[in-house]
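Novice: Residue numbers (the numbering used here), protein chains in the order written: chain R, 1 to 299; chain Y, 300 to 598.
In case anyone wonders, no lab produced these hints; they're calculated from the structure.
Being a predicted model, the structure only gives us computed values, none of them experimental.
Ideal placement from N, C-alpha and C gives every residue a C-beta, glycine not left out.
There's no promise every hint is true.
[Stated by the list, open to error] Here are a few chain R residues that face chain Y, going by a calculated C-beta distance under 8 Å:
1. 141
2. 216
3. 264
[Unchecked claim] To spell it out: a stretch of chain R is covered by chain Y in this simulated footprint if at least three of its residues, at any positions, have a beta carbon under 8 Å from a beta carbon of chain Y; those stretches are:
4. 163–170
5. 190–199
Below are the chains, spelled out letter by letter.
2 protein chains.
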Amino acid sequence: MSPPPGAVSTVAFLGLGRMGRPMATRLAGAGFAVRAWNRSSRELPAPPGGVLDVVATPAEAATGAEVIITMLPDLAEVEQVWGGPQGLAAGIAPGTVLVVMGTVSPVAVREWAPVAAAAGVRVVDAPVSGGDVGAADGTLSVMVGGADEDVERVRPVLEPMASRVRHLGPLGAGQLAKACNQVVVATTLAALAEAVTLARHGGLDVAELLDVLAGELAGSRALEVKREKLISGDYRPGGSAAFQHKDLGFALEAGRQNGTALPVTALVDQLFGSLRWTGHGDEDHSAVVRVVEGLSGDR
Amino acid sequence: MSPPPGAVSTVAFLGLGRMGRPMATRLAGAGFAVRAWNRSSRELPAPPGGVLDVVATPAEAATGAEVIITMLPDLAEVEQVWGGPQGLAAGIAPGTVLVVMGTVSPVAVREWAPVAAAAGVRVVDAPVSGGDVGAADGTLSVMVGGADEDVERVRPVLEPMASRVRHLGPLGAGQLAKACNQVVVATTLAALAEAVTLARHGGLDVAELLDVLAGELAGSRALEVKREKLISGDYRPGGSAAFQHKDLGFALEAGRQNGTALPVTALVDQLFGSLRWTGHGDEDHSAVVRVVEGLSGDR
Chain R
1 MSPPPGAVST
11 VAFLGLGRMG
21 RPMATRLAGA
31 GFAVRAWNRS
41 SRELPAPPGG
51 VLDVVATPAE
61 AATGAEVIIT
71 MLPDLAEVEQ
81 VWGGPQGLAA
91 GIAPGTVLVV
101 MGTVSPVAVR
111 EWAPVAAAAG
121 VRVVDAPVSG
131 GDVGAADGTL
141 SVMVGGADED
151 VERVRPVLEP
161 MASRVRHLGP
171 LGAGQLAKAC
181 NQVVVATTLA
191 ALAEAVTLAR
201 HGGLDVAELL
211 DVLAGELAGS
221 RALEVKREKL
231 ISGDYRPGGS
241 AAFQHKDLGF
251 ALEAGRQNGT
261 ALPVTALVDQ
271 LFGSLRWTGH
281 GDEDHSAVVR
291 VVEGLSGDR
Chain Y
300 MSPPPGAVST
310 VAFLGLGRMG
320 RPMATRLAGA
330 GFAVRAWNRS
340 SRELPAPPGG
350 VLDVVATPAE
360 AATGAEVIIT
370 MLPDLAEVEQ
380 VWGGPQGLAA
390 GIAPGTVLVV
400 MGTVSPVAVR
410 EWAPVAAAAG
420 VRVVDAPVSG
430 GDVGAADGTL
440 SVMVGGADED
450 VERVRPVLEP
460 MASRVRHLGP
470 LGAGQLAKAC
480 NQVVVATTLA
490 ALAEAVTLAR
500 HGGLDVAELL
510 DVLAGELAGS
520 RALEVKREKL
530 ISGDYRPGGS
540 AAFQHKDLGF
550 ALEAGRQNGT
560 ALPVTALVDQ
570 LFGSLRWTGH
580 GDEDHSAVVR
590 VVEGLSGDR
C-alpha cells in the first residue's frame, strides 16, 4: 500500500504537554489543519492565528488526517491511544503515516509497528532534541527513522518544527540516535556533578572551576547551559530528570538487544534512578549533583 | 623567609618531554635564561634564538635559578630529582620557588611541600591543560595553587606559556582543578565511546550520529576534537591514554581524602586502566572506545 498522493494538509497531534503544545501550535501556524487531542485536558485555547482544533477523542483526531503525530512520553501511551472504540485505529485511514515523536525505546517501536501495519498504517519514529525552547522557536533537531517514502511523505510536516530533520535509517534509527544522545547528555551531567562536588569539598570556588573547564577539552554545551544551576544549586524549573532516567533505560534496552556493553550508562542510569526515587524527578536533570552529594554526606 | 626582591631572570626547567620542551622553549624566547635538564637525554638542540642551556644535573639546573619548574609525569619523579648529590636540593638557594607544573596528586603535593620548605624552598602547583599544541603556541591554561606572594612571584614566568593563568587557592588547588578537569574529559570520552559503539552496532552511521550530537546538549569540545578519531578508529598520534588513567587516580585520591563519592569516575578509571593494561596506553585517550568494543565482542 503506497501513501496517498498529494501534499499533506491535515495532521492529527496527540499529546499537548510542555513540548507537544508549542509543536502543534507551530504546525497550525505553518498552515496545516491540526486536529489535536490531549489526555489530561481538552480545555486548551487555540493558538493565535492558527487552525488548531482540539477534539474529544483520538479517533476524532485521526479522522481525515493524512499524518498522525504522537508526542507522548512512552510507547505505552501510544498503545493506549491506539485501540478501543475511541482510539486512533477507529478513525484512521489506511495509508496514513503515524509519526512517533516522543522519545520511546528503539526496540519497542520496531516491535509495535506490525500492530499499526495490520491497519494499513505506516510508522516513522522522529524523536527530537532542543527542549521547550526549541519547540517554541521551531528549532528542534529531529532524528528520523523509517522507510524512505514514508519519511519523505512526513518531512514537510516535520520541517516547520525544526531547524534540522535528519533521516538516519530504518524504523527505530531515530530513537537509537536519541538514546545515544541521552547517554552523552546524562553522562556529561554526572561527570560535572562529580567534578563540582569534588571541587567544592576541596575548597575550590565552583564558578571559577567551571570557567577553567569551559575553556578546555572539558568544555561542553551542557556545562554552558547548566552553569548557573550548578553554581546556585537551584534546579528549577525542570522536569527532565525523570525523562532522562526513562531515556537511559531505552539506551540500555537497545544495548541489550544489539550486544553493546554500556557500563558507564548503566551506572549513570542508577544515579538518575536514585534522583527520581528520592523525589527529585521533576527537577532539571543537572540535579544529579544531589545524588553525588547524598552519597558523600550533607555538609 | 620572603622571596628575593626584583624580577625573576633565571629559571630552571626540569623535564623536556612532549609538553616540557615547547614550554621551556617559549620561556627562553620570552627572555628568561633557562637552565634545562632532562632525564632521558641531554642531547637536545637549543631552540632558535632562545637562551636554553641544557645542563647535566638537576643541581646544576638549580644553581642561580630564582624559579624552578618541574614538568615531570608524577611527584615520584620530582622526589627523584630533589635529593642526592646531583639533586635540586644540592644547588637550590633558599627563597627559590619550585613550581610543579606536571599533573600530580593534589594530596601528594601538599604532603611533600614540607620537604622543600625544610630547604627554604616554597612550592606552587601549576598544572596545565591545552596539550602540546597549547604548549607550542603559548596558549596553555594554567591552574595555580599556592600562597599569594609565591604565585605573584612566578606569574611573570608562567605568562609566556599561557593564555590564562588562574590562581585558584592554596597549594594543591591547581592540581585539584586539573583533577576535576580530567574527570570531565575522561567521562565525556567514555560516554562518547559507549554512544558510538551502541550506534554502530545498531546500524547507524557514526559520522551522522556525531553530527546530531554536536548540535545539541550532547555537544562538547571533546566531541569536536576527537570526531575524526571516533569515525576512523585510528587513535594515533596519542600518548594521553596512560596519562588520563594516571590523572583519574589523582581525582579518586582527592575524593578519598575530602570525602567525595565518585562512582562514575571510579568506573571510568577502570576502563582507562583496562585500555592501558591491554597495551594501548600510548594511544590517544579517545581509544577508550576499544574497551567498550572489547567488552561487547569484536565484530
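Novice: Identify every previously stated hint that the structure contradicts and give their numbers, smallest first.
Specialist: Of the numbered hints, all hold.
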